[in-house]
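Numbering (our numbering), first residue to last: 3 to 187.
Hints in this document: simulated from the structure, not taken from any laboratory. Treat the hints with care, since some could be wrong.
[Stated by the list, open to error] Subject to a maximum C-alpha distance of 20 Å in a straight line, what follows is the list of computed EDC-like cross-link-like pairs (lysine to aspartate or glutamate):
id: 1; residue 1: Lys43; residue 2: Glu4
id: 2; residue 1: Lys48; residue 2: Glu96
id: 3; residue 1: Lys51; residue 2: Glu4
id: 4; residue 1: Lys40; residue 2: Glu82
[Said to hold, decoys possible] Ranges between beta-carbon positions, derived for each pair:
id: 5; residue 1: Ile86; residue 2: Thr131; range: 21 to 31 Å
id: 6; residue 1: Lys134; residue 2: Gln5; range: 12 to 22 Å
id: 7; residue 1: Glu82; residue 2: Gly159; range: 20 to 30 Å
id: 8; residue 1: Lys83; residue 2: Glu4; range: 51 to 61 Å
id: 9; residue 1: Lys40; residue 2: Asp142; range: 41 to 51 Å
id: 10; residue 1: Asp142; residue 2: Gln92; range: 55 to 65 Å
Ideal Cβ placement from N, Cα and C applies to all residues, glycine included.
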Amino acid sequence: MEQSFVRAFNALCKDNEKITDEFIENLSKSLEYREHEKEIKKLNDKTNKLHNQRNQLVDLLLEQKINKDIYDQKYAKVSEKIEIAEGELQAYNENNEFGEDFRSRLLSFKRIFEKKKTMESFDGEIFRTLIKEAYIGETDDAGNPLPRTINFVFKTGLKINISPLFPKEPPLEADHAHRHHAYKG
């Protein structure tokens, strides 16, 4: 598996156009998370405004400008709106954290490929940094077994199929088959 990873890595280094295209695609996906940032700002503003409304209700009650029944009704409504807005805000923050992690992994992936032209021997640190999972053997769409294939799934989503029967250049194929043996890192 180590030699196959070296072959896959070197194939990617030689195929810079494919790497570039993959990065552009993944970076454009990561830009979707910027939209979440705008929504997070709106929700923060909305939550702050609702907290201010609730504080004003307390002030009005303390100044005896509204009676307790009206205060209780309005306080409950505003508190419910705050709870909803904070729930939405939490969901957007969780999505945004995922987006930041994704962008960070993309940049790490890009730096590794910029530094390394080709790999002469297996580098476990690079493997752990780049590879999400690796599996040996699969079946094709027709159900035929392909026991001598090794598949690498990079953390950016890029998938590479290596067939050890062809030692020159590994074919770059999409993952259409079923996995038999897996490694997850």
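Given pair status - Glu96, Lys48, alpha carbons within 20 Å: holds (18 Å)
Assessment of proposed distance window 20 to 30 Å (beta carbons of Glu82, Gly159): Once the Cβ atoms are compared, 40 Å apart, the range 20 to 30 Å for Gly159 and Glu82 is violated.
Given pair status - Glu4, Lys51, alpha carbons within 20 Å: The hint is violated at about 57 Å.
Pair hint Lys43 and Glu4, alpha-carbon separation not exceeding 20 Å: With Cα atoms ~46 Å apart, Lys43 and Glu4 exceed 20 Å; violated.
Hint check for Glu4 and Lys83 - Cβ pair distance inside 51 to 61 Å: For Glu4 against Lys83, whose Cβ atoms are near 57 Å apart, the range 51 to 61 Å holds.
Supplied distance hint 55 to 65 Å, evaluated on CB atoms of Asp142 and Gln92: violated (44 Å)
Range hint compliance [Cβ, Ile86 to Thr131, 21 to 31 Å]: violated (40 Å)
20 Å limit on alpha-carbon distance, applied to hinted pair Lys40 and Glu82: Roughly 23 Å between the alpha carbons, so the hint for Lys40 and Glu82 is violated.
Outcome of range test on Cβ distance (Lys134, Gln5; 12 to 22 Å): With a Cβ separation near 20 Å, Lys134 and Gln5 satisfy 12 to 22 Å, so the hint holds.
C-beta pair Lys40, Asp142: status relative to the range 41 to 51 Å that was hinted: With a Cβ separation near 44 Å, Lys40 and Asp142 satisfy 41 to 51 Å, so the hint holds.
Checked against the numbered hints listed earlier, the structure breaks hints 1, 3, 4, 5, 7 and 10; every other hint is satisfied.
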